[in-house]
Amino acid sequence: MEWEAVIGLEVHVELKTESKVFCACSTKFGGDPNTQVCPVCLGLPGALPVLNQAALEYAVTAGLALNGQVAGYSKFDRKNYFYPDLPKAYQISQYDLPFIRGGRVEIETESGPKLIGLTRIHLEEDTGKLVHAGGVAESASSVVDFNRCGVPLLEIVSEPDIRSAEEARLYLTKLKTILSYTGISDVKMEEGSLRCDANVSVRPRGQQEFGTRTEIKNVNSFRSAQRAIEFEIQRQVKAIESGEKIAQETRHWDEGRGVTVALRSKEEAHDYRYFPDPDLPAVIIPREKVEEIRSRLPELPDARKARYVEQLGLPAYNAEVITYERPLADFFEAVLGAVGLAVKGEAVKGEAIKAKAAEASNWIMGELLRYMNANNLDFEHIPVKPGDLVEMLRLMEAGTISGKIAKTVFEEMCSTGKDPATIVKDKGL
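Be aware that the sequence shown starts at 1, since it is given in my numbering, and climbs by one per residue.
Some hints could be false.
[What the hints assert, rightly or not] Restricting the straight-line Cα-Cα distance to at most 20 angstroms, the calculated cross-link-like pairs of lysine to any residue (SDA-like) are: (1) Lys266 - Ser93; (2) Lys16 - Leu56; (3) Lys305 - Lys245; (4) Lys188 - Phe29; (5) Lys129 - Phe29; (6) Lys75 - Ser93; (7) Lys305 - Glu359; (8) Lys245 - Lys188.
In short, the hints are calculated from the structure, not lab data.
Can you build the whole structure from these sequences, using the hints too?
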């Protein structure tokens, strides 16, 4: 029998606000354990939450960037469950009236573009962090850090439109890129700012009814998500073909062993006993406020990519790579600006100008990315100034240095911060 996977992803995104979603505690990453807490985020009796306006505006920003419908009327609910990192024994979340309904993300697959639908986007508070020590030995222990408790968390729930682990990776990559362009989150998976739960089931190809799903919790890298989903698909197919019944459960991805492991049975919505939070009023979002936030949206990656292809004649692949990270695309535009190239709002004319754009993109995709990867640099800290790259290209055009020597000059520019003319002079090039 030929099997088909059905995958839906729940992506949790920590918002880049200065304070938590319902109190004034700092959201700064890396503080000493339990130093960024107060009676509100610790759930102490009598403490009352107050909604962070920036968190609300960031949620609306995400909804607009992802083509969702912003609710004019919404509310917060209590999601009840007992866990050591949840001090109130409930989480303030949203159930039936989320801030955003619908939306979509377009990915590029081998067979062409594909739209992944979104069910909803809602705002909630993050939980604390458990730190385990000692494994399963008698001396094992767990401690909890509540600094993260109450950090504003956006949950983006996809429709079950994903059909492979590769499509899941493409979706996560595209989602991260869009969110990073909006500036609402640093989307750093290594700091827990972007986490993913994957709901996976299999069914005979052609069957409309869904199979029994399992949920893989808190996968913290794109590679891990892809591996976990691939393993779970294979595990379920093998189990069904052996006559077993798939249990609806939550599973953990064991990175070292490369397997998913059962944690607990999977709760349904009624198990959480949702009810409206009596401490928080309903939220009304006027249309004029939504339009004001829409007017502040930046140019998103797909629009930038299309502009680079149409106006500058860049190959689609080059445009895709350059627009993947907003700081890289901003750097590219700064280079174009330094050579006097208008790229926004005006059509770029002339093959010579397009050739300069292509040359700049090749250096960025080749030597710049190679240097940054080799030195493990993030895109917030590009090690060369746009004007220096332009000056180096001019030295090549004038015949002062060859293309081979330019690579040496470029690496020296990156490592020392010196301008190209100084490097050429000092090294006698």
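(message) Check whether the Cα positions of Lys305 and Lys245 lie no farther apart than 20 angstroms.
(response) 46 angstroms, violated
(request) Given the hint that Lys245 pairs with Lys188, test it: the Cα-Cα distance must not exceed 20 angstroms. (result) 37 angstroms, violated
(request) For the pair supplied as a hint, Lys16 and Leu56, confirm whether the alpha-carbon distance does not exceed 20 angstroms. (result) 12 angstroms, holds
(message) So if I understand the rule, the pair passes when the alpha-carbon distance is 20 angstroms or less; does Lys266 with Ser93 pass?
(response) OK: Lys266 and Ser93 at ~18 angstroms, within 20 angstroms.
(request) Given the hint that Lys129 pairs with Phe29, test it: the Cα-Cα distance must not exceed 20 angstroms. (result) 12 angstroms, holds
(request) Could you grab the alpha-carbon distance between Lys75 and Ser93 and see if it respects the 20 angstroms cut-off? (result) 9 angstroms, holds
(request) Assess, step by step, whether the Cα of Lys188 is no farther than 20 angstroms from the Cα of Phe29, and give holds or violated. (result) Answer holds: Lys188 to Phe29 is near 11 angstroms, not above 20 angstroms.
(request) Starting from Lys305, check that the Cα of Glu359 is at most 20 angstroms away, please. (result) With Cα atoms ~17 angstroms apart, Lys305 and Glu359 stay inside 20 angstroms; holds.
When the structure is compared with the earlier hints, violations turn up for hints 3, 8 and for no others.
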